[in-house]
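2 protein chains.
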Amino acid sequence: MKNKSLKIIPIGGLGEVGRNMMVYEYDDDIIIVDCGLMFPNNDMLGVDYIIPDFQYLRNNRQKIRGLIFTHGHEDHIGAVNYFLEEFNNVPVYATPLTMGLIKVKLGKASLTQNVALHTIQAGSQVKVGKFKIDFFHVCHSIPDSVGLGIETPEGLIVQSGDYKFDHTPVDNWPTDYAKLVEFSKRGVLALIADSTNSTRPGWTPSEQVVSEALDKVFPQAKGRIIVASFASLVSRMQQVVNAAKKFNRKITFVGTSMVENAKIAQKLGFLFIDEGQQISIEEALTLPDEQVAIMCTGSQGEPTSILGRLSRGTQRQFDIKSGDTVVLSSKTIPGNEEAVFSTINDLFRRGANVIYEQIAPVHVSGHGSQEDIKLLLHLTKPKYFIPAYGELRQLKQSAILAMQTGIPERHIAVVEDGQVITVKNNKLRLGDQEPISMVFVDGSGVGDIGPDEMRDREMLSKDGVILVHVILNKKDGALITDPEIISRGFTSSREADELFPQARKTILDTIKRSPSNMEKEITKILSGFIYRETQRRPTILVTISKI
Amino acid sequence: MKNKSLKIIPIGGLGEVGRNMMVYEYDDDIIIVDCGLMFPNNDMLGVDYIIPDFQYLRNNRQKIRGLIFTHGHEDHIGAVNYFLEEFNNVPVYATPLTMGLIKVKLGKASLTQNVALHTIQAGSQVKVGKFKIDFFHVCHSIPDSVGLGIETPEGLIVQSGDYKFDHTPVDNWPTDYAKLVEFSKRGVLALIADSTNSTRPGWTPSEQVVSEALDKVFPQAKGRIIVASFASLVSRMQQVVNAAKKFNRKITFVGTSMVENAKIAQKLGFLFIDEGQQISIEEALTLPDEQVAIMCTGSQGEPTSILGRLSRGTQRQFDIKSGDTVVLSSKTIPGNEEAVFSTINDLFRRGANVIYEQIAPVHVSGHGSQEDIKLLLHLTKPKYFIPAYGELRQLKQSAILAMQTGIPERHIAVVEDGQVITVKNNKLRLGDQEPISMVFVDGSGVGDIGPDEMRDREMLSKDGVILVHVILNKKDGALITDPEIISRGFTSSREADELFPQARKTILDTIKRSPSNMEKEITKILSGFIYRETQRRPTILVTISKI
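Each protein sequence line maps, in turn, to chains C and Z.
Be aware that the first sequence starts at 1, since it is given in this note's numbering, and climbs by one per residue.
Be aware that the second sequence starts at 1, since it is given in this note's numbering, and climbs by one per residue.
It is worth saying that the hints were derived from the structure and are not from the lab.
One should not assume that every hint holds.
Same chains, same label: a pair holds when it works inside one copy or across any pair of copies.
To be verified - DSSO-like mimics (lysine-lysine), calculated; alpha carbons at most 30 Å apart, straight line:
{"no.": "1", "residue 1": "LYS512", "residue 2": "LYS216"}
{"no.": "2", "residue 1": "LYS520", "residue 2": "LYS546"}
{"no.": "3", "residue 1": "LYS374", "residue 2": "LYS222"}
{"no.": "4", "residue 1": "LYS462", "residue 2": "LYS108"}
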């Protein structure tokens with residue numbers, strides 16, 4: 001018989017090791033945990049988002065037994081439609097709310113047909129291929145989140161999912177400590193744990209803190225209250241609904257995704273709004289300001305979001321007015337600081353009072369900090385520790401925490417996306433490195449944009465483009481008409497008017513010399529000239545027609 | 001006689017209200033405080049930096065009596081050479097270290113000739129035009145920093161400069177409390193104060209905290225220690241030098257700007273290094289690792305900086321090796337988070353242990369927090385308060401602090417760049433709004449890049465460029481040769497090979513219809529086709545030659 005072993009492969013999007021997708025393989029069976037998307041860095045120009053690299057799964061298509069989800073945030077479910085378009089025979093397993101949010105996506109992609117969707121309750125177990133999977137509830141900023149206890153032929157692997165230990169969660173449903181302890185009794189071979197906040201000392205505060213902050217903000221607000229957050233932060237929706245109720249304000253949700261998610265969450269019993277408390281935005285705009293609370297998207301300063309448009313006065317239905325209180329109730333994703341702060345400044349300019357994380361605790365993280373991580377380690381008592389869900393610097397810090405709890409360094413595997421981890425005879429080892437590339441989604445294109453196009457776009461973005469067109473006589477190579485030079489994003493037309501006549505001269509000189517590779521030669525001469533004159537390196541495109 | 005009054009005009013670069021330049025005008029006299037540069041936001045594509053808009057000064061050229069500097073950081077002195085190129089008859093006033101750093105800049109721009117440079121000691125007074133200016137020492141992250149007490153015919157205005165109240169500063173030179181109290185005795189009409197950290201509760205910690213952190217890092221490091229910071233953070237240099245001495249390491253500075261600044265600071269007696277403790281990098285590389293401390297630039301993850309190159313293994317003189325300890329000892333400027341974190345990850349990948357603000361207090365801010373700001377208000381007891389040096393959100397928060405100390409809201413002027421503040425008969429009022437535009441420096445071009453070019457570059461960066469060239473017969477408008485289509489940063493060549501033949505068809509159809517404005521029509525038709533096929537909007541450039 002062949003030499004069997006368990007393979008664990010983190011397949012990420014933006015290098016957050018296993019956050020967007022984790023693969024477990026034993027013999028002829030593969031299960032996949034999560035299938036999320038990541039938003040691009042500022043240097044990934046024009047990219048809408050990044051999805052996991054399915055190549056390894058394509059190569060092992062026939063082995064895939066199921067796709068399992070931990071919770072309903074975009075970075076864990078966002079790429080499910082891309083996956084099912086290609087692997088539509090793979091059954092999906094998720095808890096009720098997560099499944100509800102997945103269905104919304106599949107509906108949009110009209111993929112609901114012939115996909116096997118299995119709704120699993122937190123606390124129950126399901127068998128998928130050779131894997132027995134316990135779904136255990138964890139607290140996070142969206143209800144119905146779970147971690148997974150994955151019983152494999154080589155031992156029990158626990159994958160935390162996004163979690164924090166919240167003793168006063170919005171839905172009064174604490175993390176399933178009992179299950180974690182049960183795992184430790186059964187013996188945990190390896191713990192794969194969320195390291196998002198591994199650099200944060202102490203405990204992550206309870207969501208309760210946000211409710212208390214809102215209870216301060218609401219009574220002080222004289223006019224309307226507008227709370228911006230992520231469309232998938234369902235717990236935050238409940239907190240705003242509760243505050244609105246407490247201070248006699250009607251609540252209305254604005255923004256397609258937020259409205260949809262609120263509807264699903266209500267339908268499935270994860271968001272509770274009293275009869276008559278929720279109204280439409282149209283209705284809300286007819287009420288006295290002090291009776292209105294509006295919840296919308298745009299907490300990252302996205303220009304096309306509701307808050308983004310409000311900050312620029314381009315929202316279709318209403319405008320910010322003096323007396324409005326705007327609350328940004330979500331973390332600023334690193335890289336978005338500028339956009340968020342300029343949105344805040346614009347809202348102030350329009351007369352709103354803006355309350356944000358830096359001046360009041362209107363947001364807390366849904367991810368465990370250093371003490372949470374240590375508690376998870378002590379509750380599960382794993383033999384091996386695999387820090388996940390973070391950049392290398394965060395995994396390194398997570399490893400330090402594990403060592404502090406007594407796990408020997410040689411039992412900690414700090415790996416990056418594509419690194420195969422093999423488990424056999426109770427031993428964990430590093431295997432091959434599977435090639436993982438970032439799959440960019442840009443418009444309707446998936447994966448057609450790569451490093452080359454990125455480099456071109458970066459060049460273009462820095463100094464613009466100059467294009468030169470030359471028409472020569474096919475026979476004697478003589479110039480038929482004056483070369484055309486136009487540019488975009490290079491310099492003002494005023495400057496260009498001074499510069500281009502000289503540029504044209506250098507081009508004509510080059511043509512006279514009729515070098516062998518004229519396109520290349522003109523490009524070289526011209527870029528040299530432009531650099532001397534302006535210290536800039538625009539992209540230069542030369543086309544030569546011989547007629 | 002004409003109706004005289006004092007005018008105060010904040011002239012910023014990136015909207016940090018007065019940080020980069022502040023103008024005081026009375027009758028026929030103008031003095032200018034600071035002339036700094038700002039680094040561009042991520043959406044200012046290709047811009048190297050931004051300098052203050054000199055237009056108001058051009059219009060009042062003959063009135064300018066002097067340019068006064070508060071301290072030697074780039075955002076306060078960085079544009080001095082641009083100013084003096086245009087206004088070379090304006091005398092400059094600064095403290096010794098600040099003047100030393102200014103001279104370096106003027107030297108590079110070969111402007112040292114015929115510029116009147118007046119070195120002023122902190123604590124002394126100088127008369128410039130109708131203004132009597134007290135230079136008073138403040139603690140900041142560079143030595144020899146001052147705030148200004150500006151006695152005007154309309155009263156005493158105090159401008160704080162960048163400051164914090166540090167009771168254990170690196171140079172043992174605390175803020176000049178006595179002078180601040182003296183001002184309050186004379187009666188401060190208006191206080192213009194640094195609001196950088198107005199959203200931070202409590203006090204800004206002393207620089208001492210960083211020394212203590214370094215004293216923990218140094219003994220634990222087994223190999224070389226590499227500390228990255230700003231080239232102008234002279235106090236930080238001293239702290240690293242002290243730690244190196246304490247733990248028997250030689251110190252070497254790497255990076256032109258850092259080496260130059262260290263030399264000036266030493267020459268002027270603001271940086272003390274024992275005979276023989278400072279060595280060259282070449283020498284350092286021959287010593288045992290545990291005897292070496294290297295200080296370099298690159299704490300913002302700038303790709304061309306020393307640390308940036310080390311993180312990518314492209315530094316000319318040496319490479320990161322396992323055992324190195326890298327310390328990032330400076331704040332991450334908002335917007336640079338991604339670059340800094342990916343630099344940290346790359347350094348970890350190369351085997352270094354990286355210590356940064358999030359995991360150890362290896363940096364503290366040089367700007368006062370909420371309690372510092374309140375103390376400054378109580379020490380100076382101004383009638384009016386003008387929060388400065390910050391974005392609108394920070395000024396608003398600063399105003400709240402002032403109200404907490406008892407200044408009535410009607411005596412607080414939250415203004416933005418270009419807003420003229422007039423003072424007459426002990427009353428402060430808002431005057432006209434001077435038009436202020438951002439002056440972009442890109443390569444050797446100053447101000448030739450504006451919003452239009454930015455928009456073009458953004459378009460180009462999002463979806464690239466497609467260029468089409470058509471040659472028609474001058475007489476009958478018939479097509480002479482097949483239209484040429486090339487692109488950059490739009491899609492992979494593989495995709496383009498499929499797409500462009502169809503695109504060519506739509507172009508040919510359009511040419512057949514020979515519409516009046518063919519360029520425009522082809523652009524329209526083509527961009528429509530491209531969007532339908534790819535959901536992208538590349539920049540489309542069409543040139544038509546009629547021969």
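Tell me the numbers of any earlier hints that the structure contravenes, in ascending order.
1
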